[in-house]
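Participant: Read off the chains here:
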Amino acid sequence: GDSVTQMEGPVTLSEEAFLTINCTYTATGYPSLFWYVQYPGEGLQLLLKATKADDKGSNKGFEATYRKETTSFHLEKGSVQVSDSAVYFCALSDNAGGGADGLTFGKGTHLIIQP
Amino acid sequence: NAGVTQTPKFQVLKTGQSMTLQCAQDMNHEYMSWYRQDPGMGLRLIHYSVGAGITDQGEVPNGYNVSRSTTEDFPLRLLSAAPSQTSVYFCASSYRGTGPFGYTFGSGTRLTVV
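Listed in order, the protein sequences are those of chains A and B. In case it helps, this note's numbering puts the first sequence at residues 4 to 118. In case it helps, this note's numbering puts the second sequence at residues 55 to 168.
I should point out that these hints are in silico values taken from the structure, not numbers from a laboratory. Some clues are possibly wrong.
Said to hold, decoys possible - Below, a list of computed lysine-lysine pairs in the DSBU-like style, where the Cα atoms sit at most 30 angstroms apart:
| no. | chain 1 | residue 1 | chain 2 | residue 2 |
| --- | --- | --- | --- | --- |
| 1 | A | Lys-55 | A | Lys-110 |
| 2 | A | Lys-80 | A | Lys-55 |
| 3 | A | Lys-110 | A | Lys-63 |
| 4 | A | Lys-110 | B | Lys-68 |
| 5 | A | Lys-63 | B | Lys-68 |
| 6 | A | Lys-59 | A | Lys-71 |
| 7 | A | Lys-110 | A | Lys-71 |
| 8 | A | Lys-110 | B | Lys-63 |
| 9 | A | Lys-59 | A | Lys-80 |
Stated by the list, open to error - Now the in silico label distances, taken between C-beta atoms and shown as ranges:
| no. | chain 1 | residue 1 | chain 2 | residue 2 | range |
| --- | --- | --- | --- | --- | --- |
| 10 | B | Met-95 | A | Gly-44 | 34 to 44 angstroms |
| 11 | B | Asp-127 | A | Phe-21 | 42 to 52 angstroms |
| 12 | A | Pro-13 | B | Val-168 | 25 to 35 angstroms |
| 13 | A | Ser-86 | B | Gly-94 | 16 to 26 angstroms |
We treat Cβ as the ideally placed atom computed from N, Cα and C, and that holds for glycine.
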């Protein structure tokens, strides 16, 4: 079955540092890929997405590129802020089913940004 | 536009009790799904629905029932609660289509079974 593997946390960085959170996936078809963010005590918010190989998703200074050859979708940001502290989830959906059967998530990466 | 609304936000149950977690969306989304979030496990799919009257099991369906009588509502029922069902539960919804739009999530229900 489909699976998503992302780097374990917590990841602790200083403000203005460069961020990379690694995500790799296993899927039988050609999935769509997502990054969700969860702030303390809240639900998940869609951060960015990519639906086919070489697509780049971007939002709020975050970027991720769909790499079919390495089955990866790493999240990056050039200069993190304290407000970026949250848990980040990489996820995929099966395009063959049009995304009907929900999402497969990684275990999440807790990001802590220190001033 | 309320999005996805989950009630209650918090609940404590005794082992063996039953309850229903409510989920409603006002976006006319065809797809809805339930997840549980446990520490170190990410989110795991419990049940999902592709439209009114159609439901199917996800990765961890045991101990949970669902039904979908309307497009808007997708309740999750715990028939006989167990401590292993202590978790945070999220409901999500999405449009139908070949290009997934991503799912919209509710704010969650934190359930404790004692």
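Participant: The structure should be examined with respect to each hint, and the outcome stated for every one.
Facilitator: Here is how each hint holds up against the structure:
Proposed proximity of A/Lys-55 and A/Lys-110 is supported: the alpha carbons are some 23 angstroms apart, at most 30 angstroms. Simply put, A/Lys-80 and A/Lys-55 have alpha-carbon atoms about 21 angstroms apart, close enough for the 30 angstroms limit, and the pair holds. A distance of roughly 23 angstroms separates the Cα atoms of A/Lys-110 and A/Lys-63; the hinted pair therefore holds under the 30 angstroms criterion. Proposed proximity of A/Lys-110 and B/Lys-68 is supported: the alpha carbons are some 28 angstroms apart, at most 30 angstroms.
For the suggested pair A/Lys-63 and B/Lys-68, the alpha carbons sit about 43 angstroms apart, so the restraint of at most 30 angstroms is broken. The straight-line distance between the Cα atoms of A/Lys-59 and A/Lys-71 is roughly 12 angstroms, inside the 30 angstroms bound, and the hint therefore holds. Only pairs whose Cα atoms come within 30 angstroms are accepted, and A/Lys-110 paired with A/Lys-71 is accepted, the gap being roughly 21 angstroms. Straight-line distance between C-alpha atoms of A/Lys-110 and B/Lys-63 comes to about 23 angstroms, which keeps the hinted pair within the 30 angstroms bound.
For the given pair, A/Lys-59 sits about 13 angstroms from A/Lys-80 by alpha-carbon distance, which is consistent with the 30 angstroms threshold. Taken as a hint, the range 34 to 44 angstroms is violated for the pair B/Met-95 and A/Gly-44, whose Cβ atoms sit roughly 19 angstroms apart. With their beta carbons about 44 angstroms apart, B/Asp-127 and A/Phe-21 fall inside the hinted range of 42 to 52 angstroms. At about 29 angstroms, the CB distance of A/Pro-13 to B/Val-168 agrees with the hint of 25 to 35 angstroms.
About 25 angstroms separates the C-beta atoms of A/Ser-86 and B/Gly-94, a value consistent with the hinted range of 16 to 26 angstroms.
Hint compliance for this structure: hints 5 and 10 are not met, and every other hint is.
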